[in-house]
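Starting from the known structure of chain A, arrange chains B, C and D on it as the hints suggest.
4 protein chains.
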Amino acid sequence: MEFGISPRAQEIRERLIEFMDAYVYPAEAVFEEQHRASPDRWVTPPIIEELKAKARAAGLWNLFLPHSERGAGLNNLDYAPLCEVMGRSEIAPEVFNCNAPDTGNMEVLERYGTEEHKRQWLEPLLDGKIRSAFAMTEPMVASSDATNIESRIERDGDDYVINGRKWWTSGAPDPRCKILIFMGKTRFDGPRHSQQSMVLVPMDTPGVTVLRPLKVFGYDDAPHGHAEVLFENVRVPVENILLGEGRGFEIAQGRLGPGRIHHCMRLIGLAERALESMCKRAQQRTAFGKTLAEHGMTRHYIAQSRMEIDQARLLTLKAAWMMDTVGNKNAKSEIAAIKVVAPNMATRVIDRAIQVHGGGGVCQDFFLAKAYAGARTLRLADGPDEVHQETIAKLELAKHALG
Amino acid sequence: MEFGISPRAQEIRERLIEFMDAYVYPAEAVFEEQHRASPDRWVTPPIIEELKAKARAAGLWNLFLPHSERGAGLNNLDYAPLCEVMGRSEIAPEVFNCNAPDTGNMEVLERYGTEEHKRQWLEPLLDGKIRSAFAMTEPMVASSDATNIESRIERDGDDYVINGRKWWTSGAPDPRCKILIFMGKTRFDGPRHSQQSMVLVPMDTPGVTVLRPLKVFGYDDAPHGHAEVLFENVRVPVENILLGEGRGFEIAQGRLGPGRIHHCMRLIGLAERALESMCKRAQQRTAFGKTLAEHGMTRHYIAQSRMEIDQARLLTLKAAWMMDTVGNKNAKSEIAAIKVVAPNMATRVIDRAIQVHGGGGVCQDFFLAKAYAGARTLRLADGPDEVHQETIAKLELAKHALG
Amino acid sequence: MEFGISPRAQEIRERLIEFMDAYVYPAEAVFEEQHRASPDRWVTPPIIEELKAKARAAGLWNLFLPHSERGAGLNNLDYAPLCEVMGRSEIAPEVFNCNAPDTGNMEVLERYGTEEHKRQWLEPLLDGKIRSAFAMTEPMVASSDATNIESRIERDGDDYVINGRKWWTSGAPDPRCKILIFMGKTRFDGPRHSQQSMVLVPMDTPGVTVLRPLKVFGYDDAPHGHAEVLFENVRVPVENILLGEGRGFEIAQGRLGPGRIHHCMRLIGLAERALESMCKRAQQRTAFGKTLAEHGMTRHYIAQSRMEIDQARLLTLKAAWMMDTVGNKNAKSEIAAIKVVAPNMATRVIDRAIQVHGGGGVCQDFFLAKAYAGARTLRLADGPDEVHQETIAKLELAKHALG
Amino acid sequence: MEFGISPRAQEIRERLIEFMDAYVYPAEAVFEEQHRASPDRWVTPPIIEELKAKARAAGLWNLFLPHSERGAGLNNLDYAPLCEVMGRSEIAPEVFNCNAPDTGNMEVLERYGTEEHKRQWLEPLLDGKIRSAFAMTEPMVASSDATNIESRIERDGDDYVINGRKWWTSGAPDPRCKILIFMGKTRFDGPRHSQQSMVLVPMDTPGVTVLRPLKVFGYDDAPHGHAEVLFENVRVPVENILLGEGRGFEIAQGRLGPGRIHHCMRLIGLAERALESMCKRAQQRTAFGKTLAEHGMTRHYIAQSRMEIDQARLLTLKAAWMMDTVGNKNAKSEIAAIKVVAPNMATRVIDRAIQVHGGGGVCQDFFLAKAYAGARTLRLADGPDEVHQETIAKLELAKHALG
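Residue numbers (UniProt numbering), protein chains in the order written: chain A, 1 to 403; chain B, 1 to 403; chain C, 1 to 403; chain D, 1 to 403.
In case anyone wonders, no lab produced these hints; they're calculated from the structure.
Every residue gets a Cβ at the ideal spot worked out from N, C-alpha and C, and that includes glycine.
Incorrect hints may appear among the rest.
[To be verified] Now the in silico label distances, taken between C-beta atoms and shown as ranges: (1) Tyr25(C) / Asn148(D): 48 to 56 Å; (2) Glu50(A) / Ala29(B): 37 to 45 Å; (3) Asn330(B) / Leu395(C): 34 to 42 Å; (4) Pro202(C) / Arg36(D): 26 to 34 Å; (5) Leu395(C) / Glu276(A): 44 to 52 Å; (6) Gln284(C) / Arg36(D): 27 to 35 Å; (7) His67(A) / Glu276(D): 34 to 42 Å; (8) Glu69(D) / Ser38(C): 51 to 59 Å; (9) Glu276(D) / Glu33(A): 42 to 50 Å; (10) Arg155(C) / Tyr25(B): 36 to 44 Å; (11) Pro202(C) / Ile17(B): 27 to 35 Å; (12) Ala398(A) / Asn330(B): 55 to 63 Å; (13) Glu50(A) / Asp127(B): 53 to 61 Å; (14) Asp159(B) / Glu50(A): 47 to 55 Å.
[What the hints assert, rightly or not] Pulled a few chain C residues facing chain B out of the computed Cβ check, cut under 8 Å: (15) Glu2; (16) Ala100; (17) Cys279; (18) Gln311; (19) Ala337; (20) Leu397.
[Claimed, not checked] Computed list of lysine-lysine pairs in DSSO-like fashion (alpha-carbon distance at most 27 Å, straight line): (21) Lys329(D) / Lys399(C); (22) Lys52(D) / Lys394(C); (23) Lys290(C) / Lys394(B).
For reference, chain A alone in the conformation it holds in the complex (with noise of 0.2 Å):
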């Protein structure tokens, strides 16, 4: 056991920190800047491309694929403390182009995409240059079961004929959003478990509409977003589909586990920044004859926080070392448990940051009340709670089954 960063993955973060602390907090002000003076709020303000050029020049650019010669070749448990560091800041997972959902988009691409669907969509993706999104969640279904899912994939001839309403397909808005990939049923009988599939759908092809977007308690997260998206009749090739039909379930348990991951160091991160928050907001203001930072109930939150950040780290580092060495599927139960951990460890830091702020803490003065919207977004996301609880609990039970 070791509980140090490996000396690359300690390189890469003190550039990655260097880069931060350069060019991504001072950024944060600018993005706003310009995205309110934009007249469209879906357009990406230009200071994103910028800065992502500076990154890839910087070489910090794709840290998140493993396994793989297409990213920087580093697996979970090394991109785990980069990943956290990306977190801290709402415009920074973009810059180095280690953004949700386009992360786990190109790893399902790198695992399962064919040669043509790598060349078409995974190197734009891995350069930057487009977006992309991922299309499960229904809203007239629990989707948190994934067998409730209705929308249908219909083979005709050569393609297959796509029905359905999505909705939290996050980045859908972005006119830079080109490809999108689809869960439906391919089948309505037959194993639970074999009826869903994943096709790749152009964001172009007729028949695809981004009805509205959605707001996370009254963020809209422009100009990212979550839209919901109607399909009908939409005609894609049979060869869009990814490994073949009946595997959509496969493909699903194998994106969620990065992506799950990802978003806990990202969450992780954002909790440490409203933390040292929090720590600095205490020391600065004064009541009832001593600073925040003296009274007992401030130094609470501080500790409590301080605990839970750092137990939630760890488990999800561990989460990632059991990835990289026995595999997604045996770190089923460690995947679940950081899923929920790392949310509800989110949730209580920033709104322990949000009480010492006072006022100034649930209004747009700091990133705290957006950043609580997003955390307590999450666990909803990728399965509620409930789900993983059940998941947990499940294996748990069963090493001590009855004889």
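The following block gives chains B, C and D in isolation, referenced to the frame of chain A:
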């Protein structure tokens, strides 16, 4: 002891519920629609004036004002279950002219205003013809400790000259807002609780600038809103002072009692509606072979919410009863307690409801995310949890002080 | 609505408090001393009989029995604040002949017993001459689901023959315990809620064996205690049945309502005493340059405890009021709620008090550790939290059932 | 970073687990039986010496002592998973000569003792021939602040004369306890952290009186136990001082680090066993038509427990790694954190297990209630939660101190 609602309150409550069912709930979507269609987010949709006229005609008007012939003549305890009903809908309180911060301001004018103040401001407020604001919190200091307030009210001949910066001045962005109660220091020396005063400042006085709306989580709460307001050499006649120089704290104590209890009552109604929504949604959606309502965790959420709501309601009612029978001052511990209990309860209940609603819970398709943001903010507004807990602890310890 | 105690209850309450101050609290150490000195842990120290005589002479006797001329004629609501006072001292309830499980048993005999049952058992119980037990829970099955009960009550001529094993039969080890209410199945087929019956079993009936005392967190709770009891071919005349075959559930429902509420009231008194002790200790001890009472966390514990106690008390009082006005059946949700709320509240409050008392808190120098053990056990006795929460959820969901 | 156990620790761990399975778990009932049968509760049952001999023969002996040739030569990180295994059984640590407070005392002697101290006391302790105690906490002051300590160690010629009253001196009632490390003040003026000293006091020194055993909840923890000990004019030669006058704090810091971490490791093992017991029981019992394991709340308890245990373990391991690599002083925040996290986690997990075990959970039929009492006490022993949280907050705030 007796837990039944009084016949008078019960009679009004039934009519109120009928009115809500017949007019208010159906108007929520209309309000949204009119607001969205309006070119100016800060103009109140016309449906509100229509409903106000109906409510006044139905005798459901100014129910909040205790101990006064100007209102319905209900005491706090009788008003509580009515206020709770109004709290169920974001648009309801204004419909019945029972909305914050006007109720608190009207109560101040009723108690501490001169006849001229009443004629000029209280009457149009009671008529629902104008609205008002309350300017106390400041961005540069921890306003939880009101002795920190830095705004100046300086006498100059027959005028007071006001300088300062306030924020969280709710209702200030509304063009119907005509009068504002301003809290600031008339002296910076002497006893800490005699430095503050309150003066009436008409919104159109030169030097009053509404700088920007503050957002609560992502919501601007338009058309009501919360503003940062700048006061630069604002001149008002000395007659505009309430009660006299150095009496600001005294008025604040009187004002905040009822204001706090109204907030709590409304939060209880809001939490009830969230629980109802949770129960309904849980019976509509199916996951893993059974409805959400059949899952143990959902049932846990429901039971827990019922227990917490009922307890918070009873505590609030008891505080109301004490305010009516032994006065706000002797109800200090109870008022502090509900100010902590109600928003914390409401955030927990709403959070559970969000979880049961899945992705719908955090977006604009349900009232829940916005309700959460509002309830969360009330853990800070009118004093943060921590300050009220201090009050309770201090009173409790005093009961057992060492000889 | 009205939150004041009724004049009658208030008058008794004042006398009760005086009696507690004058006789009961000072007797706690005497009880300990006499018990320690006794060669037999299961003999009740003589101080108890002395106090009983005093209490009876003072008219503070059998205050618990509602709707009956045999008791004080107080309803549940009036009894509640009295029961709370008694709950402050472990030895108090018996002093006033208001101790579990006798109160529940007396209520069963009063409601469902024949004249002969009343003459033979109820009268000496009301006189405090004998004590009683209630045998329901079984070690081999999850007794939270009473349909699991396996004990047999088989008719044989004019007798019932009883076989089974019970545990948590509180009071059975006390030599003064003369009668026991036994719950078992008179049939193992037919509707699940008509299989159970209750019969009166004199403790000296052949075949009744008190096997061993059960400990609660190390405490044997002597001289009262909780026993595992074996019933082997125990024969009682058929007249000993209560209400008739198959009516066991019906009686249990009636019995458990008051029993549960008494437990809750006592727990509230116990929590109040813990809070008092916390406030006192916090002002006596100094650490890091200030009294514990000046540390923010202590104040947080105190405020939180005050808020939780007050809420639990109000909910319990409301449940009592409903039992009195609409009956136990219509108060089902409220009774279930207090059964969850009160023990959970009490364990939290006592736990905080333990923390403030430091090492003293967990040992025999204060009443706190034993109080914790008792309160914790009440999260299981008379049904675990989870079962009561199910009851509440079921009733709540039914209010919003789909059409 | 690497989360696997080292080959050496893994090899010992496997043998340890085999030994536990083969000898220790089966001996638990024997221990109980022998202890119950013994006329003296304070004599250790003979099974312990038998097991000690076996363990020593198996090379499973003194595994705890890091950086020393006298022990197994394992560092804290390698010892951690072994200590966890031992923590699963109340009787295990002594079997492997790894029990508190001896381990902490041996470490003090190893680090700070003279050759003569080592010969006289460390060697027989390492041989398991005698036992020892640590006398620090005092009944009359809040000992969480060690500067409060009132005991006097006064030089008189070639002796120190000791006067004071200590409690929670664990192990002192054991007749095999021969030596005690005593903390008291050699001066009452001067810098607060240079007033304290530690001296070795043989238990048979005149003036040492074991006054009474303290109970933890209802448990006396015999035959080990915790005593109140009186020191009246106890004379020891000046050579018995450790490190020198005024060095008591320094030693306490060094001693408490390892002691704390051992407690935490053991608690993790204890919590694991509670979780196992919960999983098993839940699959054995049926209520309301399904096993407890099929009830959502049980699954919630299991998942929650798994997540909390894993996080606490990782944090403890990281603290151990830091102690090994950067030293106890630089691991101050992490040591404080685990001291809060582990007992709180353990009490929660055990409490859930109790709930799933029903009435069995609180009584002597399972290890759970006693385990709870022990874990709860560790929220106070070696400093209460609140003090450790202060330490963490202070260090955290210092990172972000205002310029």
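Measure nothing beyond the straight line between the CA atoms of Lys52(D) and Lys394(C); if it is 27 Å or shorter, mark the hint as holding.
violated (55 Å)
Indicate whether the distance between the beta carbons of Asp159(B) and Glu50(A) respects the range 47 to 55 Å.
holds (53 Å)
With 26 to 34 Å as the target window, see if Pro202(C) and Arg36(D) comply at their CB atoms.
Given about 32 Å between the Cβ atoms, the range holds.
Falls inside 27 to 35 Å, the C-beta gap from Gln284(C) to Arg36(D)?
violated (40 Å)
That 51 to 59 Å hint for Glu69(D) and Ser38(C) (C-beta), does it hold up?
holds (56 Å)
Cβ separation of Glu50(A) and Ala29(B), checked against the hinted range 37 to 45 Å
holds (43 Å)
Given the hint that Lys329(D) pairs with Lys399(C), does the C-alpha gap stay at or below 27 Å?
At roughly 60 Å apart (the allowed maximum being 27 Å), Lys399(C) and Lys329(D) break the hint.
Hint check, Gln311(C) versus chain B [nearest Cβ-Cβ separation less than 8 Å]:
holds (4 Å)
CB-CB spacing for Glu33(A) and Glu276(D) relative to the 42 to 50 Å hint
violated (57 Å)
Given the hint of 27 to 35 Å, is the C-beta distance from Pro202(C) to Ile17(B) inside that range or not?
violated (56 Å)
Beta-carbon spacing of Asn330(B) to Leu395(C) - inside the hinted bounds 34 to 42 Å or not:
Once the Cβ atoms are compared, 37 Å apart, the range 34 to 42 Å for Leu395(C) and Asn330(B) holds.
Is 36 to 44 Å a correct range for the gap between the Cβ atoms of Arg155(C) and Tyr25(B)?
Violated: the Cβ-Cβ distance is about 60 Å, outside 36 to 44 Å.
Hint check: violations occur at hints 1, 6, 9, 10, 11, 16, 21 and 22; the rest are consistent with the structure.
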